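Student: Dock chain A against chain Y, hints included.
Chain order of the listed sequences is Y and A.
Taking my numbering, I'd label the letters of the first sequence as residues 1 to 465.
Taking my numbering, I'd label the letters of the second sequence as residues 1 to 204.
FYI, nobody ran anything at the bench for these hints, they're computed from the structure.
This one's a predicted model, so the numbers in the text were calculated from it and none came from an experiment.
Take the hints with a grain of salt, since some may be wrong.
As the list claims (entries may be wrong) - Per the computed footprint, the stretches of chain Y lying under chain A, defined by three or more beta-carbons under 8 angstroms from a beta-carbon of chain A, are:
1. 21-35
2. 68-81
3. 116-130
4. 151-157
5. 250-261
6. 324-331
7. 418-430
Said to hold, decoys possible - Some residues of chain A that are not near chain Y, with every Cβ distance over 10 angstroms (derived):
8. Gly40
9. Gly103
10. Ile185
11. Pro197
Quick reminder that beta carbons are idealized off the backbone N, C-alpha and C, glycines included.
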Amino acid sequence: MRPPRTLFDKLWDAHVIVTREDGESLLWVDRHFVHEGSHHAFRQLEDKARTVAEPELTFGIADHYVPTHGRPAIADAEIAGMVARLTANTARHGIRLYGLDDPAQGIVHVVGPEQGLTLPGLLIVCGDSHTSTHGAFGAFAFGIGASEVAHVLMTQTLWQRKPRTMRIAVDGRLGPHVSAKDLALHVIAAIGADGARGHAVEYAGPAIAALSMEGRLTLCNMAIEAGARCAVIAPDETTFNWLRDRPHGPAGAAFEAAMADWRALPGDAGAVFDREVGIDAAAVAPTVTWGTSPEEALPITATVPVPAGGPEGEALAATLAYMGLTPGQPLADIAIDRVFIGSCTNARIEDLRAAAAVLAGRRAVVPGLVSPGSSAVKRQAEAEGLDRMFTAAGLTWAESGCSMCVGMNGDRVPAGERCASTTNRNFRGRQGPGARTHLMSPAMVAAAALAGRLADVRTLMLPEG
Amino acid sequence: MTPFTTLTAIACPLGLANVDTDQLIPARFMSRPRKEGYGGFLLHDLRFDEAGASRGFMLDAPAHAGASILIARRNFGTGSSREAAVYALVDFGIRCVIAPSFGDIFAANAVKNGLLPAQVEDAEAERLLAAITAEPARPLTVDLAGRSIRGAGPEATFAIDPVRALQLLNGWDDLDLTLRYEGEIAAYRAQRRALAPWSVPARR
Numbered sequence: 001m002r003p004p005r006t007l008f009d010k011l012w013d014a015h016v017i018v019t020r021e022d023g024e025s026l027l028w029v030d031r032h033f034v035h036e037g038s039h040h041a042f043r044q045l046e047d048k049a050r051t052v053a054e055p056e057l058t059f060g061i062a063d064h065y066v067p068t069h070g071r072p073a074i075a076d077a078e079i080a081g082m083v084a085r086l087t088a089n090t091a092r093h094g095i096r097l098y099g100l101d102d103p104a105q106g107i108v109h110v111v112g113p114e115q116g117l118t119l120p121g122l123l124i125v126c127g128d129s130h131t132s133t134h135g136a137f138g139a140f141a142f143g144i145g146a147s148e149v150a151h152v153l154m155t156q157t158l159w160q161r162k163p164r165t166m167r168i169a170v171d172g173r174l175g176p177h178v179s180a181k182d183l184a185l186h187v188i189a190a191i192g193a194d195g196a197r198g199h200a201v202e203y204a205g206p207a208i209a210a211l212s213m214e215g216r217l218t219l220c221n222m223a224i225e226a227g228a229r230c231a232v233i234a235p236d237e238t239t240f241n242w243l244r245d246r247p248h249g250p251a252g253a254a255f256e257a258a259m260a261d262w263r264a265l266p267g268d269a270g271a272v273f274d275r276e277v278g279i280d281a282a283a284v285a286p287t288v289t290w291g292t293s294p295e296e297a298l299p300i301t302a303t304v305p306v307p308a309g310g311p312e313g314e315a316l317a318a319t320l321a322y323m324g325l326t327p328g329q330p331l332a333d334i335a336i337d338r339v340f341i342g343s344c345t346n347a348r349i350e351d352l353r354a355a356a357a358v359l360a361g362r363r364a365v366v367p368g369l370v371s372p373g374s375s376a377v378k379r380q381a382e383a384e385g386l387d388r389m390f391t392a393a394g395l396t397w398a399e400s401g402c403s404m405c406v407g408m409n410g411d412r413v414p415a416g417e418r419c420a421s422t423t424n425r426n427f428r429g430r431q432g433p434g435a436r437t438h439l440m441s442p443a444m445v446a447a448a449a450l451a452g453r454l455a456d457v458r459t460l461m462l463p464e465g
Numbered sequence: 001m002t003p004f005t006t007l008t009a010i011a012c013p014l015g016l017a018n019v020d021t022d023q024l025i026p027a028r029f030m031s032r033p034r035k036e037g038y039g040g041f042l043l044h045d046l047r048f049d050e051a052g053a054s055r056g057f058m059l060d061a062p063a064h065a066g067a068s069i070l071i072a073r074r075n076f077g078t079g080s081s082r083e084a085a086v087y088a089l090v091d092f093g094i095r096c097v098i099a100p101s102f103g104d105i106f107a108a109n110a111v112k113n114g115l116l117p118a119q120v121e122d123a124e125a126e127r128l129l130a131a132i133t134a135e136p137a138r139p140l141t142v143d144l145a146g147r148s149i150r151g152a153g154p155e156a157t158f159a160i161d162p163v164r165a166l167q168l169l170n171g172w173d174d175l176d177l178t179l180r181y182e183g184e185i186a187a188y189r190a191q192r193r194a195l196a197p198w199s200v201p202a203r204r
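Looking at chain Y on its own, in the form it has when it is part of the complex (with noise of 0.2 angstroms):
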């Protein structure tokens, strides 16, 4: 009898060709995203004169470098240039293209789910270190390089080491006002930047099971920021009311069938995993970061660390000298310049809702900015009426797309501003030169929007339920 297996493994073993004798295998792709920064890649494919193997599994997004305003015009010629390119090659191809114009473009991370072209047993690749996020749906998903990129739109294939695996056990529940982005932050400050590293993580336990997809796809998001390889969580009743009726998914009988296929993955009783770590998810508080890597994060009632001697000690001192933080200040003194509610990691209608309503009938002291996750998001916000109370408390509404997150649409944080995100990276730079990032929750930063600095969204909210 075959040894009990982790949902890694069965994913694993059900997407390998052939096993070399050195350990490496030959990974079959199910589905591959590109985006605007794909064009290394296709130029990859012109210089070896080959064609897309499976362009019917392809599908191109644009979203890195898409405008948040006056669409369809992009002033920037550079960056109407990216995205022309990406129409360009998606086209010569023959992939189905999420450009501009489509009513349902968006970032590749929340269209991919939307869409149903995310699904539970699927081997998930794009460019971008943020495919992680598909492994919320018990999907084995990961970001590779531009030659990997190549790479698998000539073979529909990759060459892969086996990971190691590490199961992230959550007991107990999350409190009033704690969110999916609340966890990640905690986790990562608890194992490390790197603690993941080389590792397939599964998350498990009550409080994953107790997530919303939205929930589950912002942490299995922020699991690159731990290093890992991929996050899994195993699908379950959530996970498949979910994708009911998703434009390219399975329908009728063929979901019956798939749903009876995607319920043998979860792991068998026994199955080892060779990492283990435990978090209570009641000692989880509403958590920002305060220093250059998602690592460097606490709870909102701590203090700034103070640097001790030794070359640690000296590079913190650099961190806070860059983030303009005085050791031992309450991280809730700390002055904001403005907010951005966005990017793959937050800015799903389940977001929106939770900002919205920290919001709801106050006026932000700082300038702001909503990207909605996708159109559709944007779409849905609308009719819910979401939009007027970002408006009327003072922030400005937008088209969908990556925007403040990476800055690569021209959204940046000017230098020296301090700006509160709902974004995955606080790293020098990420929203522009010199712009001091916190990451945190949604309701967090809308929290932060009305009192002008990092604040504890408890104090402002009357309690849930």
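Tutor: Below, chain A alone, put in the same frame as chain Y:
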């Protein structure tokens, strides 16, 4: 791909931890064609101010001119999947990065571009950093087959996935290797469609 066997070069003791790919190449440069060369973008915002003037960063210091080896602290290349981070290093002239750990995607990208990610123990990284900081002109010799770094006191050893080492040594391209398995790929494809028909997107 250019094979990597041994490299004798001076090293730059960068010494930073968590050097993320946004620092290695800020996103705003990634729309440029590679043929212009990405070396000028490497660690751009650490090296140049808003006006483009040099900040006198270590990489541009005369003592480290011509360095082909970087020595860093843990988690080098963390962050985004942008292969442009590797292009920036390679176009600048870097052939080897020595660090206690690397971002997974970065390390994969590096090998595909002939850049050696040499993983050393924390203590070895500290020792090499101290030695090169004290005597920057002293060249290091990195021997991939022997997994050794010579030239700074006792020989240091480094680790790398054996398959990646072989690819670097031979300058192999994945595609040549994959095309040997065309039959297996076609058979898998047919089987996948039969066993998991839902894995093919519906056209609706």
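Student: Compare the structure with each hint and give your call.
Tutor: Okay, the hints, checked on the actual structure:
no.	hint	in the structure
1	21-35	holds (count 7)
2	68-81	holds (count 3)
3	116-130	holds (count 8)
4	151-157	holds (count 5)
5	250-261	holds (count 7)
6	324-331	violated (count 0)
7	418-430	holds (count 5)
8	Gly40	15 angstroms, holds
9	Gly103	7 angstroms, violated
10	Ile185	6 angstroms, violated
11	Pro197	7 angstroms, violated
The structure fails hints 6, 9, 10 and 11 (numbered hints given earlier, in ascending order).
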